[in-house]
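Full structure from sequences and hints, please.
2 protein chains.
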Amino acid sequence: MTDGEWRVLSRSLVFDGHPWLEVWTEDVLLPDGRQVDAFYRLEMPEYAIVVALKAGKVAVQRHYKHGARTVGLHLPAGYIEAAETPLVAAKRELLEEAGLAAERWVSLGKYVVDGNRGAGAAHIFLAHGATHEQAPASHDLEAMTLDFLTLDDLVAAVRNGAVPQLAMAAAIGLAVVELGYVEPHFANPS
Amino acid sequence: MTDGEWRVLSRSLVFDGHPWLEVWTEDVLLPDGRQVDAFYRLEMPEYAIVVALKAGKVAVQRHYKHGARTVGLHLPAGYIEAAETPLVAAKRELLEEAGLAAERWVSLGKYVVDGNRGAGAAHIFLAHGATHEQAPASHDLEAMTLDFLTLDDLVAAVRNGAVPQLAMAAAIGLAVVELGYVEPHFANPS
Chain A
8 MTDGEWRVLS RSLVFDGHPW LEVWTEDVLL PDGRQVDAFY RLEMPEYAIV
58 VALKAGKVAV QRHYKHGART VGLHLPAGYI EAAETPLVAA KRELLEEAGL
108 AAERWVSLGK YVVDGNRGAG AAHIFLAHGA THEQAPASHD LEAMTLDFLT
158 LDDLVAAVRN GAVPQLAMAA AIGLAVVELG YVEPHFANPS
Chain B
8 MTDGEWRVLS RSLVFDGHPW LEVWTEDVLL PDGRQVDAFY RLEMPEYAIV
58 VALKAGKVAV QRHYKHGART VGLHLPAGYI EAAETPLVAA KRELLEEAGL
108 AAERWVSLGK YVVDGNRGAG AAHIFLAHGA THEQAPASHD LEAMTLDFLT
158 LDDLVAAVRN GAVPQLAMAA AIGLAVVELG YVEPHFANPS
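Sequence lines, in order, name chains A and B.
Residue numbers for the first sequence, in the working numbering: 8 to 197.
Residue numbers for the second sequence, in the working numbering: 8 to 197.
There could be a bad hint or two in this list.
[Unchecked claim] Facing chain A, a subset of chain B residues (Cβ under 8 angstroms, in silico):
hint, residue
1, Trp-13
2, Leu-16
3, Phe-46
4, Tyr-47
5, Gly-85
6, Pro-93
7, Leu-94
8, Glu-149
9, Ala-150
10, Ala-169
11, Gln-172
12, Leu-181
13, Val-183
[To be verified] Here are a few chain A residues that sit away from chain B, every Cβ distance over 10 angstroms (derived from the structure):
hint, residue
14, Gly-11
15, Leu-16
16, Ser-19
17, Ala-90
18, Thr-92
19, Val-95
20, Glu-103
21, Gly-106
22, Ala-126
23, Gln-141
24, His-146
25, Glu-149
26, Leu-156
For the record, the hints were derived by calculation from the structure and aren't laboratory data.
Treat the numbers as computed from the prediction; the structure is a model and nothing was measured.
Built from N, CA and C at the ideal position, the CB exists for glycine as well.
Structural data, given as structure tokens:
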């Protein structure tokens, strides 16, 4: 236990919705000696998200998501299956949902979804040089339309509230950071 | 029911961890007429996150988060209390956790945390012209150290994996988009 880490003294499964979600309670020991009982932990599947660039434009899906209760813009994404690495899952989802394969893949990081509860993790990828490989054939429950937007237009969509999901906003922001795209809104931070 | 929305036919509370989390199951009707039973829904509190700029640097906390199981860099953030708007909560958290007040506030959006399950929402703010108001006095369980980093250094920290939480990565990426900051990593998207 170093540098502020909490120690898990015991844990119990209190709701089993496997494979989609499990709720655990954990009794934890804080570095200052305090004990906190029944701190909730969510175990949920990790997923991969892809910012795929085809001729300078990003592959974007417009569809409903029940978590957000609204239709909006999303990126190709999906749960990582048992035998897959995050990159393999990202490549499979890009092919299934957008019919694309890509030349060069860059990891933009792995991020835990909830800072307190866990709730799985998002693995974000940037895929350069995407090309059409096959017709999209998603097995998801949501009917989706595929489009290609410039990063400018995608950023404008984020600003207009058309990107409802946290992981998609993160992926777009991190892609902008990575690509050095810039359309300054405020010239000078203060 | 328009444009691909799902209709909730009935819902049941299957685990009550109020106020931290509730698990519901929802029977839903898809636009194509299919019915999906027991689709999991997580009700969790919404929270506010602040990218606060003080003399051109961002207020950053280094501390442990149990969701991530690791020590890392975070931004001032916290749950929105019952009587608060997201902006009021953001101002309170910035004052409590960093001892700062700010001149000008910009919303960078509201984002649902999980695209399928809900799991609350993150309200992200950019605060310009922050000034020291009082000593930080957080009531959080984690012991934290406060620091001020340039956006360059914060972006480098994200790239190095030192920012473990999705909402913090999103806030930093969206702040870069908003401020027009750029340190190009790849010159030409392809």
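- prompt: Against the structure shown, which of the earlier numbered hints fail to hold, in ascending order?
  reply: Those not satisfied are hints 2, 5, 6, 7, 10, 14, 22, 25.
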